[in-house]
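Engineer: Protein chains in written order, with this note's numbering: chain L, 6 to 494; chain Z, 9 to 65.
Keep in mind the hints are simulated off the structure, nothing from the lab. It is possible that some hints are incorrect.
[Stated by the list, open to error] Okay, derived cross-link-like pairs now, DSS-like style, lysine-lysine, Cα gap no bigger than 30 Å in a straight line:
id : chain 1 : residue 1 : chain 2 : residue 2
1  : L       : Lys234    : Z       : Lys56
2  : L       : Lys176    : Z       : Lys23
3  : L       : Lys366    : Z       : Lys63
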Amino acid sequence: MARLVVLGGGVAGHTTATFAAKWLGSEHEVVVVTPNAKWNWIPSNIWVGVGQMTKEEVTFDLAPVYAKAGINYYQAKAVSLNPEGSESSDRPFVTIEYTSADKAGQSENIEYDYIVNATGPKLNFGATPGLGEGSNLGEHTVSVCTADHAVHASEKFAEAIEKMKSGTRQKFLIGTGHGMCTCQGAAFEYIFNIEHELRKAGVRDMADIKWISNESFLGDFGMGGLHMKVGGYVVSSKLFAESLFAERSIDWLIGAHTSKVEAGKVEYELLDGSTGEEEFDFSMLIPPFAGVGLKAYDKAGEDITDTVFAPNGFMKVDADYTPKPYAEWKASDWPRTYQNPTYKNMFAAGIAFAPPHIISKPMKSPNGTPINPTPPRTGMPSGIIGKAVAHSVSDLMTKGENAHLHEASMAEMGAACVASAGKGIFDGTAAAMTVYPVVPDFEKYPGTGRDTDYTFGEIGLAGHWIKHILHHLFIYKAKLNPGWTLIPE
Amino acid sequence: MSENKLVEEELNFQKEQFSLTMIPGKFARAMRTCVIWQFIRFLIINIKMIVVVSKSH
Numbered sequence: 006m007a008r009l010v011v012l013g014g015g016v017a018g019h020t021t022a023t024f025a026a027k028w029l030g031s032e033h034e035v036v037v038v039t040p041n042a043k044w045n046w047i048p049s050n051i052w053v054g055v056g057q058m059t060k061e062e063v064t065f066d067l068a069p070v071y072a073k074a075g076i077n078y079y080q081a082k083a084v085s086l087n088p089e090g091s092e093s094s095d096r097p098f099v100t101i102e103y104t105s106a107d108k109a110g111q112s113e114n115i116e117y118d119y120i121v122n123a124t125g126p127k128l129n130f131g132a133t134p135g136l137g138e139g140s141n142l143g144e145h146t147v148s149v150c151t152a153d154h155a156v157h158a159s160e161k162f163a164e165a166i167e168k169m170k171s172g173t174r175q176k177f178l179i180g181t182g183h184g185m186c187t188c189q190g191a192a193f194e195y196i197f198n199i200e201h202e203l204r205k206a207g208v209r210d211m212a213d214i215k216w217i218s219n220e221s222f223l224g225d226f227g228m229g230g231l232h233m234k235v236g237g238y239v240v241s242s243k244l245f246a247e248s249l250f251a252e253r254s255i256d257w258l259i260g261a262h263t264s265k266v267e268a269g270k271v272e273y274e275l276l277d278g279s280t281g282e283e284e285f286d287f288s289m290l291i292p293p294f295a296g297v298g299l300k301a302y303d304k305a306g307e308d309i310t311d312t313v314f315a316p317n318g319f320m321k322v323d324a325d326y327t328p329k330p331y332a333e334w335k336a337s338d339w340p341r342t343y344q345n346p347t348y349k350n351m352f353a354a355g356i357a358f359a360p361p362h363i364i365s366k367p368m369k370s371p372n373g374t375p376i377n378p379t380p381p382r383t384g385m386p387s388g389i390i391g392k393a394v395a396h397s398v399s400d401l402m403t404k405g406e407n408a409h410l411h412e413a414s415m416a417e418m419g420a421a422c423v424a425s426a427g428k429g430i431f432d433g434t435a436a437a438m439t440v441y442p443v444v445p446d447f448e449k450y451p452g453t454g455r456d457t458d459y460t461f462g463e464i465g466l467a468g469h470w471i472k473h474i475l476h477h478l479f480i481y482k483a484k485l486n487p488g489w490t491l492i493p494e
Numbered sequence: 009m010s011e012n013k014l015v016e017e018e019l020n021f022q023k024e025q026f027s028l029t030m031i032p033g034k035f036a037r038a039m040r041t042c043v044i045w046q047f048i049r050f051l052i053i054n055i056k057m058i059v060v061v062s063k064s065h
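Using the sequences plus the hints, can you model the full thing?
Structural biologist: Rendered as structure tokens:
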């Protein structure tokens, strides 16, 4: 019997572990190590953050689901990897530290035959002074990155609405909290839900709403923007996004690195090198992401973290990390199997893998401050990568080390993104977008880098209904209810 | 003396930041929440998304 250890229980980790457990059966052991007791359908945190859903509607307990799947579950965080074992044993192991109430702080080593790093990101609030400390959210802004953050955001949002109802004008500032953030889509969705709820509450005229983002143009989304088919035209996502903002009277500030957050105020630096301040009464700023800080040691106990992980803390995989100028970036730079090049029994999935470079055009202010979005690797790509990695590891465990590895390059996969603007079945709308492929391939699609037959976007109730269906469908799937394998990632 | 012609949805073009983009008119906005039209779009978007998903696996 061989053992697969999956670090992380988010979209990528949960997908990897559940499919591996199904394919491996009782012949082999699957272990999940995740610090969380609950699974969270993160896209719906947006609705929690405006008070339209509860935390309970977007989360469920992991333990019974893993018990049903025959997965051994450790509520703990991984601290370090010893891929060569120790001086006393050749068996590789991961050191974990329990986070469950009964064993909090206790450490344990878990040996493995294969390991998948799907830890997701460290929410690096500490990268911006005042935004938070380490991975902890600060006191001046709110977040929708976790269900608890979203509950807190909804409470602050309700307070802001009450103030407006009593005649006090409020300024809302939503966007990214650092020049190197990703996940603009979440902030994008949140700002339109805020606007929708304010209109619903009858206080829209008492609110000033502003977008602040590290994108060099609206609609970059960390993918260098996209060209999509809309109403018979192929248009840039810049026009699509600007139209949404203009229609709803939402101002924007782009190319902005949020350099400092204080009570009711952010300081920022723009791509032209100028600096400024923006005041707010309510602010939701997405933090930058980093690797969770896993260390790695060789057999002698020497630190080999730099061998296994990139400087940003994400795990190196089969990508081409050779530094090269933007003009020479290719789709083939992106990883296909997510296998670590040094230790072949190690894989990474989802946000935890180190991308070869960003997707958007790299930008710096004249002061040398990098201000550009980092690549999105959440949602559908995370699930697809997780499933491909599960397939590869299962084959390696059952067919031997020469088994074929399954591939899931982001330059050959699409993504569907449904950004809601309100929750009501008949008054909410959503921008439904698909992009194919996520990473543009200008050799295959010389015009826009993408297939415009499958890259499209439109706004309406239809997208909104899809968003509702996806919410229920993916929670149903994650709970491993009957037929879960038939639901695609 | 000509009369003023106020088109409400076009007022946002007065703001310089919004003046170079497009803003939907009444018809486009009505179609976004027209249940019959949106049901048709729902079917079409779903088919397109299924194709994208199948091409991605």
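Engineer: Each hint needs a verdict: does it hold in this structure or not?
Structural biologist: Hint check results:
1. For the proposed pair L:Lys234 and Z:Lys56, the alpha carbon gap of about 12 Å is at most 30 Å, so the pair holds.
2. Of the supplied pair hints, the one linking L:Lys176 and Z:Lys23 holds, its CA atoms being roughly 18 Å apart against a limit of 30 Å.
3. A threshold of 30 Å between alpha carbons decides the hint, and for L:Lys366 with Z:Lys63 the separation of about 26 Å falls inside it, so the pair holds.
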